[in-house]
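Undergrad: As a plain string of letters, each chain reads:
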Amino acid sequence: MTDLLQSAIHSGYFTLLPRDRYLDPQVFEDEYRKVFSRQWLFAGHISQLAKPGFYFVEEILGESVILTKTQEGEVRAFLNVCRHRGHRVCEGTSGQTQRFVCGYHRWSYALSGKLLGAPAMPDGDGGVDYRDLSLFDVHVTVYHGLIFVCLGAERPAELASQLADKTRGIERFRLEHTKEAFRETYHVKANWKVLLENYLECHHCAGSHRELCKAMDLGAMFEETRGWVGEYFGGSTPLKETALTASLDGHLLSTPLGDADPANPADVEGTGLGIVPTLTRVIVHIDHVLVHALRPLSPEEVSWQTRWFVKADAVEGADYHPDRLTEVWRATNGQDVELCQAAYKGVRSRRFVSGPLHATREAAIRSALATYTDMMSAAG
Amino acid sequence: MTDLLQSAIHSGYFTLLPRDRYLDPQVFEDEYRKVFSRQWLFAGHISQLAKPGFYFVEEILGESVILTKTQEGEVRAFLNVCRHRGHRVCEGTSGQTQRFVCGYHRWSYALSGKLLGAPAMPDGDGGVDYRDLSLFDVHVTVYHGLIFVCLGAERPAELASQLADKTRGIERFRLEHTKEAFRETYHVKANWKVLLENYLECHHCAGSHRELCKAMDLGAMFEETRGWVGEYFGGSTPLKETALTASLDGHLLSTPLGDADPANPADVEGTGLGIVPTLTRVIVHIDHVLVHALRPLSPEEVSWQTRWFVKADAVEGADYHPDRLTEVWRATNGQDVELCQAAYKGVRSRRFVSGPLHATREAAIRSALATYTDMMSAAG
Amino acid sequence: MTDLLQSAIHSGYFTLLPRDRYLDPQVFEDEYRKVFSRQWLFAGHISQLAKPGFYFVEEILGESVILTKTQEGEVRAFLNVCRHRGHRVCEGTSGQTQRFVCGYHRWSYALSGKLLGAPAMPDGDGGVDYRDLSLFDVHVTVYHGLIFVCLGAERPAELASQLADKTRGIERFRLEHTKEAFRETYHVKANWKVLLENYLECHHCAGSHRELCKAMDLGAMFEETRGWVGEYFGGSTPLKETALTASLDGHLLSTPLGDADPANPADVEGTGLGIVPTLTRVIVHIDHVLVHALRPLSPEEVSWQTRWFVKADAVEGADYHPDRLTEVWRATNGQDVELCQAAYKGVRSRRFVSGPLHATREAAIRSALATYTDMMSAAG
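Chains A, B and C supply the protein sequences, listed in that same order. First residue of the first sequence? That's 329 in this note's numbering, and the numbers climb one at a time after it. First residue of the second sequence? That's 329 in this note's numbering, and the numbers climb one at a time after it. First residue of the third sequence? That's 329 in this note's numbering, and the numbers climb one at a time after it.
In isolation and in its complexed conformation, chain A is listed as follows (with noise of 0.2 angstroms):
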């Protein structure tokens, strides 16, 4: 246990971090360094990319980055920066292409992130060697057709590897045969680690969240919470007994995913799996999956996204609807950037120090906390 951590216990209990972890700018910086490069961090779904050629480009982190299937069917990404003076070389935010072209100098790449051409500047000529002057490769991997990236220069270990053993039988819910229906995007004043510790515990859910509150078991989600431990976790949103998935009536949102079977309790269990600090966290439910990603910006700044995937072939307006899908999550959203950047007010005071975390139902953010001290007091 490292010194920040000790920091963190006080008379037998344990509580938030010293302020100044939430507020310093070098704090944040190490943070980027040391945690946020060194994470998977959830980027797509493969069905943004159907064919070879398709691109779409994502703002993660303060970079711009492309993500493309070349004409092998790999999936690729790239810093969307020509290694000439740094121009976009993808100024839309999706398409399908055979090259990207920057539009200063009309340097052009390959999908695969190959410099194909510079104009009046021949490869081999004066020094100039294209096997040096690639798209700045990104670090990308497919996990159930969710597609994650890491932006640091260390590939960390294999996101399957590191979840098998937590989300057994997530394959029958075909991930990768789903679509994106929705997403919101909410841009939050508050020290991203606020909406980490917020999302991690169900202590608040009674008081704050109504809507949420109707299909899920608060009772078994203090539970499932405290499963919540390590970088990589599983596990499932509990539902109460008369509810088929996540919505106001227990009713089902949209057809059943995959092979799963509401006659089925197991399939109406669902499954999912989160990643701490940098928090993804993705809930499966029988008809339909959500997606959060927690992006930090700048100490007091943070973008939270949360989408909605449904299955692939699933009509909009007759299998389900946009606004039922997503009334639960969206007022629970909005409820929950109320309360961290009312809460961020707070630990901003300069006489703030964390009172107790509750042992049991507080317990997944002593468990994250942990997990981020650890990765700050790595070496580099």
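Each hint should be verified, as a subset may be incorrect.
Okay, derived cross-link-like pairs now, DSSO-like style, lysine-lysine, Cα gap no bigger than 30 angstroms in a straight line [what the hints assert, rightly or not]: (1) K494(C) x K362(C); (2) K397(A) x K379(A); (3) K494(C) x K507(C); (4) K379(B) x K507(B); (5) K379(A) x K362(A); (6) K517(A) x K397(A); (7) K517(A) x K362(A); (8) K517(C) x K517(A); (9) K517(C) x K397(C); (10) K494(B) x K397(B); (11) K362(A) x K673(C); (12) K673(C) x K397(A); (13) K673(A) x K517(B); (14) K517(B) x K517(A); (15) K379(C) x K517(B); (16) K397(C) x K379(C); (17) K379(B) x K362(B); (18) K362(B) x K673(A); (19) K507(B) x K397(B); (20) K673(C) x K517(A); (21) K442(A) x K673(C); (22) K379(A) x K673(C); (23) K568(B) x K673(A); (24) K379(C) x K517(C); (25) K673(A) x K397(B); (26) K542(B) x K568(B); (27) K673(A) x K379(B); (28) K397(C) x K442(C).
Covered stretches of chain B, as calculated for chain A (at least 3 residues, CB under 8 angstroms) [said to hold, decoys possible]: (29) 389-397; (30) 553-560.
Residues from chain C shown here face chain B by an in silico Cβ test under 7 angstroms; the list is partial [as the list claims (entries may be wrong)]: (31) Q376; (32) K379; (33) R416; (34) D451; (35) G454; (36) T688.
Just so you know, the hints here were simulated from the structure itself, not pulled from any lab data. The beta-carbon is built from N, C-alpha and C at its ideal position, and this holds for glycine as well.
For chain A, the structure is supplied; the task is to place chains B and C on it using the hints.
TA: Same frame as chain A, but now just chains B and C:
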């Protein structure tokens, strides 16, 4: 005399401080610790806490502060920060309550600030001791109905004793028996000391403040400001012989306060007090009270607030008219905001060095900067 | 060659500077002292000071600068900062006056900058010596009617002598006998050097600047820019054989300047000058003059201004039409702003390193960065 002040002496005359004192974020941090958080700052009026359980919330120096009256009738002040995870315990700006309940996890506090309950976390359980978890206390004092707070750890010397010699006769105006009739807040793009300096001299009034100069006796004011020495000072704003109050025509603007009598020259003279360098200025005219309060926001931004008080039983529309009551100082404040912002542009110039201050007309600036310099030179 | 420049040499080819030079606030501060405040910066035209007492105010590098003509006909420049407490002494942007009077405490200054009077503070009284309290002087020079200032303490080498060999024949265009017909200012979210670099090469023009390429001879321009070596350079913007001026159709846009004759190829060739790295670029065509001026605002923001001048007696609507006069460069500037902002996003990437610059087409960048590096390496 400290080195800093010494540097403000130039070939025999006195100047403003060196340029960096008006720009440097580190100086502002030091000022927070050594000046702002060691002084009594105006926070409101006792009429806002008419009964036990009444409360109001003020934003002061980046902190949200709750002012309230206990069942025993005591005025108390707390940070509006839950001791659990920092969420605000008061979300509105005023009201009446039996207890403060945090909207995040339902921790509840008595009007005395004591923790009453933390759900699922009983007192004494797992090392949790409610006695350690009261709301953060803020020093508070009431002076003739005016409420002041101090945000620092140390309680400053008692306001009443500091002012005793300087505000003789103030009691006959019954400030505690007034009510707020109007307030106006200005967000000014200037260092707070530029506003302080502007307020402390009337050398600019003839050229800039037509409305203020209608009733104010400028020559007497030059004399008056020379007496503004030390952290606390008293004294009225002198009027021309023909004026009963600071109005455009010299006529009364509201019912005389307390026992004051327009036929009594001493009552027409009025009284007042000031605190520097974190300026609070109270001007007591026979029929209304003005409170100016300066609240620094950052090295380059400051809030300037003026409140107008009239006799508690004066009737709006009959005894006083808000437009007329406020027209002199709304005009004057608007003019001062422009002057201070334009002066600050010059102070920011890389070549700025202050010229000479007028030996008598700008003497109060010299005095206040000496007080400032003494505070900044103190240990801690 | 300095270490900084050395680091821009990579396996035989030349690159941009290291990424931090485009981001770091401390680098920007050093640039202010060592580059921006040591160069002649374009400030205006002598036609703005037609008579003694005429003045105009320019915002340059965070300073408000007054340009004026004395009774003796001398052009002078001062900081717009009162020597008392910093308030602006000119509140408008131009006019005619006998003296500058500060609106705060009525200090007044002669057109020569001398303090004429400080109310209630006579010269010689209490150590006050008016001779020490003139307006802060700014270096100024006039070159063929173009006014330049230098904000630093040291007067730079005389502009006329620096440019003498580079602008032969410029006098026949009678730049002093022109008037401003239009100006446009762009606030660009990029480091100033990204705009400098963009301006110094035409390698991007064919792909991005359709309008500019109508009349400009791109091949000749590639040659021209190779000659842009050192802090000062001369030279025209070469036109295609069929064009008389830089218009969309090659036809004249206004009355020929001075003694210039459209039948004379040397007059059609025009002339021009440039100053780097704080870029001023003057392009003299036979019928109009363009002045581009780059004014850094912060590490990540820059102002780019273009002014168009025509013969002093040309009549708007008859001899020239502002829309037509300006359409090439308004289009070009708009395109360059987009390019520079997009390039700067890449330069900000944490993994950005510049690729190779083209040995000849981007040679002027190499030269200007060498000049920049030499200035930054100087003592002081």
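Undergrad: Which constraints among the numbered hints does this structure fail? Numbers only, ascending.
TA: Numbers 5, 6, 9, 15, 17, 23, 24, 30, 31, 32, 34 and 36, in rising order.
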